[in-house]
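With chain E fixed as given, assemble chain H onto it according to the hints.
2 protein chains.
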Amino acid sequence: MYKFSDRIKNMDGTATREILKLTSKPDIISFAGGMPGTCCLPNDIIREIASDILGNKSAVTTLQYGQSEGVKEFLETMRGYMGELGLKGVELNNLQALSGGQQGLDLMCKAFINKGDTILVENPTYLAFLQIANTYEANVVGVDADDNGLILSDLEQKLNKYKPKLLYTVPTFSNPTGKTYTAENRKAIVELCDSVGTVIIEDDPYGRLRYDGKDVPLLKSFDKTGSVVYITSFSKTIAPSLRVAVACGAPEVIRKVTIGKQNTDVHNPALTQLIVSEYFARGYYYKKLEENKAIFKERKDAMLFALDKYMSKEVVYTRPNGGLFIWMTLPEYIDAKAMLPEAIEKKVAYIQGCEFYADGSGKNTMRLNFSNSDTDRIDTGIKIISELVNKKIKEHKA
Amino acid sequence: MYKFSDRIKNMDGTATREILKLTSKPDIISFAGGMPGTCCLPNDIIREIASDILGNKSAVTTLQYGQSEGVKEFLETMRGYMGELGLKGVELNNLQALSGGQQGLDLMCKAFINKGDTILVENPTYLAFLQIANTYEANVVGVDADDNGLILSDLEQKLNKYKPKLLYTVPTFSNPTGKTYTAENRKAIVELCDSVGTVIIEDDPYGRLRYDGKDVPLLKSFDKTGSVVYITSFSKTIAPSLRVAVACGAPEVIRKVTIGKQNTDVHNPALTQLIVSEYFARGYYYKKLEENKAIFKERKDAMLFALDKYMSKEVVYTRPNGGLFIWMTLPEYIDAKAMLPEAIEKKVAYIQGCEFYADGSGKNTMRLNFSNSDTDRIDTGIKIISELVNKKIKEHKA
Numbered sequence: 032m033y034k035f036s037d038r039i040k041n042m043d044g045t046a047t048r049e050i051l052k053l054t055s056k057p058d059i060i061s062f063a064g065g066m067p068g069t070c071c072l073p074n075d076i077i078r079e080i081a082s083d084i085l086g087n088k089s090a091v092t093t094l095q096y097g098q099s100e101g102v103k104e105f106l107e108t109m110r111g112y113m114g115e116l117g118l119k120g121v122e123l124n125n126l127q128a129l130s131g132g133q134q135g136l137d138l139m140c141k142a143f144i145n146k147g148d149t150i151l152v153e154n155p156t157y158l159a160f161l162q163i164a165n166t167y168e169a170n171v172v173g174v175d176a177d178d179n180g181l182i183l184s185d186l187e188q189k190l191n192k193y194k195p196k197l198l199y200t201v202p203t204f205s206n207p208t209g210k211t212y213t214a215e216n217r218k219a220i221v222e223l224c225d226s227v228g229t230v231i232i233e234d235d236p237y238g239r240l241r242y243d244g245k246d247v248p249l250l251k252s253f254d255k256t257g258s259v260v261y262i263t264s265f266s267k268t269i270a271p272s273l274r275v276a277v278a279c280g281a282p283e284v285i286r287k288v289t290i291g292k293q294n295t296d297v298h299n300p301a302l303t304q305l306i307v308s309e310y311f312a313r314g315y316y317y318k319k320l321e322e323n324k325a326i327f328k329e330r331k332d333a334m335l336f337a338l339d340k341y342m343s344k345e346v347v348y349t350r351p352n353g354g355l356f357i358w359m360t361l362p363e364y365i366d367a368k369a370m371l372p373e374a375i376e377k378k379v380a381y382i383q384g385c386e387f388y389a390d391g392s393g394k395n396t397m398r399l400n401f402s403n404s405d406t407d408r409i410d411t412g413i414k415i416i417s418e419l420v421n422k423k424i425k426e427h428k429a
Numbered sequence: 032m033y034k035f036s037d038r039i040k041n042m043d044g045t046a047t048r049e050i051l052k053l054t055s056k057p058d059i060i061s062f063a064g065g066m067p068g069t070c071c072l073p074n075d076i077i078r079e080i081a082s083d084i085l086g087n088k089s090a091v092t093t094l095q096y097g098q099s100e101g102v103k104e105f106l107e108t109m110r111g112y113m114g115e116l117g118l119k120g121v122e123l124n125n126l127q128a129l130s131g132g133q134q135g136l137d138l139m140c141k142a143f144i145n146k147g148d149t150i151l152v153e154n155p156t157y158l159a160f161l162q163i164a165n166t167y168e169a170n171v172v173g174v175d176a177d178d179n180g181l182i183l184s185d186l187e188q189k190l191n192k193y194k195p196k197l198l199y200t201v202p203t204f205s206n207p208t209g210k211t212y213t214a215e216n217r218k219a220i221v222e223l224c225d226s227v228g229t230v231i232i233e234d235d236p237y238g239r240l241r242y243d244g245k246d247v248p249l250l251k252s253f254d255k256t257g258s259v260v261y262i263t264s265f266s267k268t269i270a271p272s273l274r275v276a277v278a279c280g281a282p283e284v285i286r287k288v289t290i291g292k293q294n295t296d297v298h299n300p301a302l303t304q305l306i307v308s309e310y311f312a313r314g315y316y317y318k319k320l321e322e323n324k325a326i327f328k329e330r331k332d333a334m335l336f337a338l339d340k341y342m343s344k345e346v347v348y349t350r351p352n353g354g355l356f357i358w359m360t361l362p363e364y365i366d367a368k369a370m371l372p373e374a375i376e377k378k379v380a381y382i383q384g385c386e387f388y389a390d391g392s393g394k395n396t397m398r399l400n401f402s403n404s405d406t407d408r409i410d411t412g413i414k415i416i417s418e419l420v421n422k423k424i425k426e427h428k429a
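Here the protein sequences line up with chains E and H, keeping their order.
Here the first sequence is numbered in the numbering used here, starting from 32 and rising by one per residue.
Here the second sequence is numbered in the numbering used here, starting from 32 and rising by one per residue.
Pairs count within a copy or across copies, as identical chains cannot be separated in the list.
The list that follows gives simulated cross-link-like pairs (lysine-lysine, DSS-like), each with its CA atoms no further than 30 Å apart:
{"id": "1", "residue 1": "Lys56", "residue 2": "Lys368"}
{"id": "2", "residue 1": "Lys377", "residue 2": "Lys56"}
{"id": "3", "residue 1": "Lys34", "residue 2": "Lys119"}
{"id": "4", "residue 1": "Lys194", "residue 2": "Lys34"}
{"id": "5", "residue 1": "Lys318", "residue 2": "Lys88"}
{"id": "6", "residue 1": "Lys340", "residue 2": "Lys377"}
Bear in mind the hints are in silico, worked out from the structure with no lab data behind them.
Here the structure is a predicted model, which is why all the values come from computation and not from measurement.
If we strip away everything but chain E, and leave its shape as in the complex, we get (with noise of 0.2 Å):
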């Protein structure tokens, strides 16, 4: 009856939306979202700080309309930060504040692509941009990747076959492999695109949660172009629902960014993005941050340990440095989404990895979350999932 968009009468709930829904569920062992762990959560230190914010700060600042870029007090924040993740003179016109990185994926999609332009990810990425891309009736294709990042014959070949508008790229801890781009391959990946005017956007949501090893520079640190937009959120970081991220880029494609959000939604509360400053005014972020990445790393642990001890040999799951995530490979005959209902039934949840899939290939992957579990709850959940993975392959055998 309802005569919708083409972008959207064929889309019912997203997977992610379901997984949200999935993970509410308090009986269920969720490995499903990307959540980070609630016990984290800094509701008490929130509560001091939106209390003094409110308390200390004028209405026309805190609770009256305000410019879409952002409250400059939070955008000078941000330069700062930004300086401290090694991007060098970062002014106010690089930086948008977001209602969560997703936003900015949303924006920078509103601002570069017109149907049927050409949008490249990684094969697998992260299944809500491919999501954001369909909302823009974009031609989403994947380039293959390997331990060192994106495979730069691949890109190469489909920078040229499709000159595209944009790539998208998480390649600190990707989601959903829980991967990291060397150093070299940044490096490359931005003078490649750069050969031919393809802009690329660094998502960059789980950076500052590395347990193991050394960082590696942003791909943005290698831009000099500006044909980079960095963008990172403090969902992770601080809490989800604070809603608050920030984009970094020229201030040419700033601009854009900024036009389309002051058409989509104005701007931010000013509350969530000053609960943010004033969160790295009072030496908050990363104190709290290294709290809880010794948390996060112990659930790794647990789950890579539970992992080791109960799944057959046959099957593959990677041994991330940091993120949220770890990621499973299944021997080809197993079906990770037919297996899904199974695995609920016994009250664990996992995301099918075929999801993550612009092509909608890797049938037999599927995306663990560590961070939101107790280490008790993993090894019931590892156990359970194991015991299915088992049985399949016994059966195959057989």
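Only chain H this time, still in chain E's reference frame:
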């Protein structure tokens, strides 16, 4: 150099955006924005409520990822509120939390509009809606209006000619004219739109700000087929920077709005939604509204008094019963846009009326906001604008 999308490549700073910047200069008497009076913004109440929410509720509710539809407690409050506004039988699946009313307009276009689809609007209408429609590359057609609302013969002719996907209306204390459609007009609009399957957006940010006269039933209250999506915001009745609003419509339509929301920014912050629902629960909403309305009415009356005192009798202006705006029509030979720099030179700002016309007409009109200036500044500012206008009339006659 950058290959921006068609929708945005020719878009520079929007009028709204520039207005927000103008009005942030304290030495300018601004009648330009659509802001509630800063003096009416409840910093202290919100501080009390935010502190209680963060102190009493668990982090899984306040800070963790939540559902795209909105926080359950907020939606329950909205269900009750819709009943108070005269909408019967509203269920949770009729509701979607929004980051400001404007996001509802954007998500409705996202759900319905393909490039080239027609949207009908009142001539003149909310300028930001015209900008949003541009980002969806819609064909926007203005419908003529009089003091009773839309001119039904013109509406009928354009519905039949264009079979528009959407009709966008601000039927109560309209932006920019301050006009309210009669109940008969509303009923007829719904019936005419139903006959061709056009969905109606009833944008109602101002409906609660009635200073004189009696409420008119919501346009949505005449909806028997699910063709009206009602959007109301707390930007003008609690605080703009909370960015909290709600859409109420048929479940099928709301589902598509939710999917759009999921893709663009996942969900609103929980904190701001909970602040609004607690603001209702503690009885502040209607109480504070009465206090604010007394102030806004005084300012409206002061502006009308000053216009009556200073302005040439050849100028026509509305005497609205509510909302935030007076709409002024100058003699045809005066161009309000051309005059604006002269006004700003003299430290007074307004918005040229042509911004509110889909076809760029209305060059001799302007919108005056009275809610965010005290009565002294209103007198001074209107005197300055009147002197400018009166001088032009005198020069024209000379």
